[in-house]
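Construct the entire structure; sequences and hints are all you get.
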Amino acid sequence: MKPLALIVVLVHLMALATGGPGWSQTAGAGSAQATQETADTARRLADIRDRLGAAQSLIEDNKAKAAMALLLPLREALEDEGDPDLLLVLYDLTGYAGARLKDRAAEIRGNVHSVLLNYLTAPLNAPDTVIAELTLAETYRRHDIGTLQFYVLMNVLAAGKPPRGGGALSDDLEETQAMAAALMGQRLQAEDRPELALFFFRRAQALARKGRMDTVNAGKLDTVIGALEAPVAERAGSPLPGPDDCMGTAAPDAARMAACRQAADRAIVTGDAALADKILSNLLNDVPSGSLREERYDAARDLLLLRQLNREDHDRDLLASADLVANYLASIGEATAAALIGARIARTQIDLGTYDPRVVQMCGHIARRALRNGSIELARRMLALQRAATLSGMAEPDAPLSAAAPGLLERRLTAALLQIENARIAATANAPRLAAAEWAAVDRQVATLALDDFDRIEQLTVIHYAGLKDYVFPTYAAAVEFIGRLARRLPGQDPRHDEAILGWISAVEAWWGDSARADAMADEAIGNIRAAPEGRTPALARLLTLRAGIVETSNPALTVRLTREAYEIVASQPGRETDRIELLLDMASDQTDKGLALALVAEAQKLREAAGTVNLPTQVRLDLRRSFMAFDDGDRALALRLGEGAVASLVAAGKADTWAIVEPARNLAGLYAALGRMDDARKTYETYVFPASDPVLVGEEKAISDQLGLANLESYYGPDEKTVRTLSTLLDRARRRVKADRDLGRRILRAQAFAYLGLGDGAKAREAAVDALRTPKPPATDTMSAREDRKLLETLVGADWLGSRSGDKPDADGR
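The numbering of the sequence shown is my numbering, which starts it at 1 and goes up by one.
Hints in this document: simulated from the structure, not taken from any laboratory. Predicted model only: the values in this text are computed from it and were never measured. Some hints here could point you the wrong way.
Claimed, not checked - Using 27 Å as the maximum straight-line C-alpha spacing, the simulated DSS-like pairs for lysine-lysine come out as follows:
(1) Lys161 to Lys102
(2) Lys702 to Lys469
(3) Lys655 to Lys469
(4) Lys722 to Lys702
(5) Lys655 to Lys722
(6) Lys469 to Lys683
(7) Lys683 to Lys655
(8) Lys683 to Lys702
(9) Lys102 to Lys65
(10) Lys606 to Lys655
(11) Lys702 to Lys655
Structural data, given as structure tokens:
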């Protein structure tokens, strides 16, 4: 709304008058930190300070472009250093330079992180925080980002509540309140909320009459209010529902929801905040925590605003509202909006020295969603706040784990797991110093633990997180990493040692997606057992099998050798028929000679018949292998009977909702697709695969791979526009969340090539196939990669001659 446009001038004047929020307060903190670092670190930080000072001088001299050229390389360096105070200076300056250059992305990024870092480093309602938020709110206003502007203004207005100890607000704070109230009124007027807009305009007007706003904008406020009062008065006589008429239902009526929200607005305008709270609370009375949906979001947002303005910062109802809205926003991808809510709530708890697991979990949810969206820095900010909230109220938050009181050990362990998460994020984001520092801190904590407590620590980490399904940090993988590092201190003859190491390697491979590290760890563990093998032969066989799977793509010859050695070990031990069958099937998969593969499967079937009882998943795997062999031989009836029977046996055993059915179901879906029954293939995925394909449980890469399985079948056997959109989404997720040396991106691009070819778009098929061929392969070439390249080359031919489809049909894995 143009009459209030001059407010931006005041906002920026106030911000710039500070000489850069955080700059003056950080010099001492930075110097203090530098004295504790090595001489190299001290020199590095001094150089960074000099360059930040130079950038600030350039901005003051109206040379924003030159300043930005200095700031951009500094951002990566400072994120690696992990110093929140210097980061605050950097992002403040980035926001200023971005505004001068009209660089929307840089301005918003700088101002958002300035706000979050202020919450991380300063107490609640600190002047610098309020100014940073008001600057961000004006930035969002100019760029018409209404949702985010609303939550920033809400925080600014919450800072204007009367102090807990009584007394008046400072003149500066009242000036920010006047600006924020006017901007909030403007925001709500744009949303067609005249009653509530008028409430905030009047609030700003009252402060303006105290001299907290310049006369020009104060006069414009009077004009705006005068124009609003008449239509609001006309609406005042219309009947509206009361609290009892606004009870929540599973399928709320949109018109009734709107009428109830208007009734709450009217109650606020008339000064009855309790009535407004009752109306809005009733609309949400049947919504459990974490279950907010779009149709109730507006009511939940209104209630959060109302409580931020009228409740104490530590009020439990306010926390419940913030938790509900922040988790909803995070779940729909609005991680920044969620972070703006979560940061204030976390800071409140930290300042009060209290602990609430809901706050910790909320921060962890926002951080993980931010990381999933590719917002690495935002994830780091929320992880830092989460860790601070976890340790809130502890007398010595950085004390060794061994010194933790029994009731506090779990929280200290959570804080250590969050350092593992931060180390992993830093390692994948080109921040080696930060990663090394976090790993060193974790190892120091591990070193303080007594091995007599191993079982209790395992219970509080691995076993506890294995049962969690919430999409939050810390993850199960971090727990496995922690217990693996502790297990290294156990004697090799302790069975818990090898068991924990096996789980650790599996987590590094499956969750972290770091095949090179997993391979090195497996190789080292195998060497350790060979050096002291007594009583550890079963663990050796499992490690050999695990490493064989890790290097299957990069070194197929080694996979064959490792699998053969593992088989020789288990074949010499009685009662290991199930393991022998599994390894025979592994060896069959490694074979390019069809005759040898058939012989190995036949041997596995003989073992099964002789044993009488074999592990059910192993029986299923064998039947599925036989099913595909029957299909290759043209016996489709046998293939279908074996495939459907395998999955049916798992369902009958009560495993329809477990991970055990996922791979068999994927294989059955591939068989259905090859038989021309694409609808059955989709139904199989939707029934058995997707419900278990939660990134929380299986990791991001596996979840993407599961969705790719169906999309890949569709791309060859029956592509449509939905298939193309699905593949584009999966490719975007894979590029942002999966290590570059994995082959997932190549598989998606290959599926795109087949899909475009099937839709008759030769140009796009060629483009996708060429991109796949140009995408870096895993570290070593192998027969599987060679087969993929042949398929891609044949797809290129098919793209040029649309009547030809000479590429091999892909299987359910996209290989």
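Do the hints match the structure? See the list:
1. Lys161 to Lys102: violated, 34 Å
2. Lys702 to Lys469: holds, 16 Å
3. Lys655 to Lys469: This hinted pair holds, its Cα atoms lying about 18 Å apart.
4. Lys722 to Lys702: Holds, at about 21 Å.
5. Lys655 to Lys722: It is violated: about 31 Å lies between the C-alpha atoms, which goes past 27 Å.
6. Lys469 to Lys683: Given that 27 Å is the threshold and the Cα spacing comes to 24 Å, the pair holds.
7. Lys683 to Lys655: Roughly 17 Å between the alpha carbons, so the hint for Lys683 and Lys655 holds.
8. Lys683 to Lys702: holds, 20 Å
9. Lys102 to Lys65: Within the cut-off at roughly 11 Å; holds.
10. Lys606 to Lys655: holds, 26 Å
11. Lys702 to Lys655: The hint holds at about 20 Å.
In terms of the numbered hints stated before, the structure departs from hints 1, 5, listed from lowest to highest.
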